[in-house]
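Whenever a hint applies, use it, and build me the whole structure from the sequences.
As given, the protein sequences belong to chains A and B, one line each in that order.
Note that the first sequence covers residues 5 to 248 in my numbering.
Note that the second sequence covers residues 9 to 269 in my numbering.
FYI, nobody ran anything at the bench for these hints, they're computed from the structure.
Honestly, I wouldn't trust all of these hints.
[Stated by the list, open to error] In silico BS3-like cross-links for lysine-lysine, where the CA-CA straight-line distance does not exceed 30 Å:
hint	chain 1	residue 1	chain 2	residue 2
1	A	Lys129	B	Lys100
2	A	Lys46	B	Lys226
3	B	Lys21	A	Lys13
4	B	Lys17	A	Lys105
5	B	Lys28	A	Lys145
6	B	Lys11	A	Lys129
7	A	Lys185	B	Lys100
8	B	Lys28	A	Lys13
9	A	Lys105	B	Lys21
10	A	Lys63	B	Lys100
[Said to hold, decoys possible] A few chain A residues facing chain B, derived, Cβ under 7 Å:
hint	residue
11	Leu72
12	Phe79
13	Ser80
14	Gly84
15	Ile86
16	Val100
17	Lys105
18	Leu114
19	Glu123
20	Ile130
21	Gly140
Just so it is clear, CB atoms sit at the ideal spot from N, CA and C, and this is done for glycine as well.
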Amino acid sequence: MKEYAITVKDLHISYRTLKGFSIKKSLLKLKMSKAEIFEAVKGVSFQVEKGKILGIIGKNGSGKSTLLRSIAGIFSADSGTIDLHGNSVSLLSIGVGFQNKLSGYENIFLSGMLLGFSEQQIKEKINDIIDFSELGNFIYKPVSTYSSGMYSKLAFSITAILETDIMLIDEVFSVGDVKFKQKSYNKMKELISDENRTVLIVSHSLGTLKELCNEVLWLHDGKIKQIGDPEEVITAYEEFMKKD
Amino acid sequence: MKKFFQDIKKYYKYIIYSTKSNLKTEVANSYLNWLWWILDPLCFMLVYTFIVEIVFKTSEQYFPVFVLVGLTVWNFFNANTISSVKLVANNKSIVTKVYIPKYVLTLVKMFTNLFKMMISWGLILIMMLLFKVPYTFYMLQFLPVLIVLFILSFGISTILMHFGVFVEDLNNVMNILLKLVFYMSGIFYAISTRVPDPFNRILLNLNPIALIIDSFRKAFLTGSLINYRMLCIWLIVGIVLSIIGIKTVQKYENSYAKVTK
Chain A
5 MKEYAITVKD LHISYRTLKG FSIKKSLLKL KMSKAEIFEA VKGVSFQVEK GKILGIIGKN
65 GSGKSTLLRS IAGIFSADSG TIDLHGNSVS LLSIGVGFQN KLSGYENIFL SGMLLGFSEQ
125 QIKEKINDII DFSELGNFIY KPVSTYSSGM YSKLAFSITA ILETDIMLID EVFSVGDVKF
185 KQKSYNKMKE LISDENRTVL IVSHSLGTLK ELCNEVLWLH DGKIKQIGDP EEVITAYEEF
245 MKKD
Chain B
9 MKKFFQDIKK YYKYIIYSTK SNLKTEVANS YLNWLWWILD PLCFMLVYTF IVEIVFKTSE
69 QYFPVFVLVG LTVWNFFNAN TISSVKLVAN NKSIVTKVYI PKYVLTLVKM FTNLFKMMIS
129 WGLILIMMLL FKVPYTFYML QFLPVLIVLF ILSFGISTIL MHFGVFVEDL NNVMNILLKL
189 VFYMSGIFYA ISTRVPDPFN RILLNLNPIA LIIDSFRKAF LTGSLINYRM LCIWLIVGIV
249 LSIIGIKTVQ KYENSYAKVT K
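Below, the structure is given as structure tokens:
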């Protein structure tokens with residue numbers, strides 16, 4: 005019996021009815037403008053086993069990010085279901101809820117709590133985060149004084165140290181200087197290869213995906229074109245992209 | 009509704025922390041920092057005192073304190089309503105990246121404003137000493153009125169937050185409406201004595217802000233009993249609005265990130 009961490013069934017997501025509406029405009033036109041329909045994800049179903057790494061590829065605008073966001077619970081599905089089997093989930097994103105006038109230290113709490121961790125959990129991990137970010141005493145200075153590299157170092161450290169059961173990664177990050185880049189890549193690999201962690205990666209770097217993933221899903225115009233062994237799918241994908 | 013209380017339980021630490029950091033950010037941003045929280049109501053108190061006592065040559069008893077009570081309540085209500093319209097748009101960076109129950113954002117904003125209002129109330133207590141307004145036991149009525157004000161504001165704010173996402177120019181409509189309510193709430197005049205008979209009762213009963221300001225004044229200035237029956241009715245209205253707001257937000261909050269701007 006396989007244990008699944010994510011089950012997605014016939015997922016549809018569209019951006020239709022939700023165009024902004026203005027009282028002025030509708031008074032002038034005296035009739036409702038027709039809603040534009042854009043379906044980003046059209047009937048996607050797949051399952052991911054616990055502890056496995058799934059790569060998602062596809063050209064721009066094929067619905068990869070929309071899919072990730074809906075799994076993270078930010079978007080609602082128009083139809084279909086997403087079952088996470090009770091696992092905690094986080095979309096790895098940089099600097100959520102940062103307040104630039106506050107110190108890095110305070111922002112760790114702010115961002116961490118927003119990601120759904122308790123004050124206690126953050127306190128336990130805070131030294132690891134500060135160590136990993138290499139910021140030293142700058143951690144007590146306002147974030148607005150940071151260089152952009154320092155900013156992303158801190159942001160990356162928060163999401164990398166505060167771990168969840170399922171991690172969703174939109175584009176593999178490259179942050180900071182060469183040394184930190186290597187370090188963050190290694191940390192990423194370490195996080196990803198943890199046996200109990202299920203990971204979904206969206207990326208255009210096919211080499212990385214080949215190296216890391218157990219399975220690759222190819223999205224094309226909101227539908228699954230192919231899913232399966234990384235080598236096979238990526239080769240097919242590469243050929244397809246050349247033809248275009 | 010059960011989800012609402014679970015969310016509050018889960019996020020109350022974040023609400024407190026975020027409120028604190030909002031206040032800190034505001035202080036860090038300005039030159040005179042926290043002094044503004046005192047200077048702002050104080051200056052407007054002087055402006056209105058000048059206009060009403062010197063230009064229009066009318067007055068109420070203890071006028072500076074009288075107008076300060078009105079302004080304090082108004083500033084709280086006004087700040088909540090205005091900010092809630094654009095709340096989701098202003099927190100775009102959060103809304104598009106993590107799931108957070110959206111009324112948590114409302115509550116953070118409201119607690120920030122509540123804290124500022126409390127400073128204003130402190131100022132009122134000091135002004136009462138200066139103008140020799142006697143402290144009485146009637147002042148304890150402060151708490152129930154405050155609760156009604158908070159719940160009512162919360163209900164209105166959540167509903168406005170929801171529509172603010174979809175209606176682009178709600179902001180303009182709200183600006184006009186709020187101006188209207190401002191002049192109808194008796195902030196710098198006493199409705200019960202200045203407005204002719206049938207209208208003053210209508211105004212006090214139908215405009216909750218007018219009623220709340222009048223109640224606070226009864227508690228602090230005249231030292232008399234509040235109209236608890238009307239206050240109860242508005243409390244119920246506030247609770248109903250809050251429930252409608254919470255339900256609407258829960259139903260639609262996951263679409264907020266999708267609205268194209």
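Verification of the hints:
1. Lys129/A / Lys100/B: Judged against 30 Å, a Cα distance of about 27 Å means the pair holds.
2. Lys46/A / Lys226/B: 62 Å, violated
3. Lys21/B / Lys13/A: Answer violated: lysine 21/B to lysine 13/A is near 35 Å, above 30 Å.
4. Lys17/B / Lys105/A: Cα-Cα ~28 Å, so holds.
5. Lys28/B / Lys145/A: Distance ~17 Å between lysine 28/B and lysine 145/A Cα, so the pair holds.
6. Lys11/B / Lys129/A: 29 Å, holds
7. Lys185/A / Lys100/B: Within the cut-off at roughly 28 Å; holds.
8. Lys28/B / Lys13/A: 42 Å, violated
9. Lys105/A / Lys21/B: 20 Å, holds
10. Lys63/A / Lys100/B: Holds, because 26 Å separates the two Cα atoms, which is no more than 30 Å.
11. Leu72: With Cβ-Cβ at 11 Å, over 7 Å, it is violated.
12. Phe79: 6 Å, holds
13. Ser80: 3 Å, holds
14. Gly84: 14 Å, violated
15. Ile86: 11 Å, violated
16. Val100: Holds, about 5 Å.
17. Lys105: 4 Å, holds
18. Leu114: 6 Å, holds
19. Glu123: Because about 5 Å separates glutamate 123/A from the closest Cβ in chain B, which is inside the 7 Å limit, the hint holds.
20. Ile130: 14 Å, violated
21. Gly140: 22 Å, violated
Comparing the model with each earlier hint shows violations of hints 2, 3, 8, 11, 14, 15, 20 and 21; every other hint is respected.
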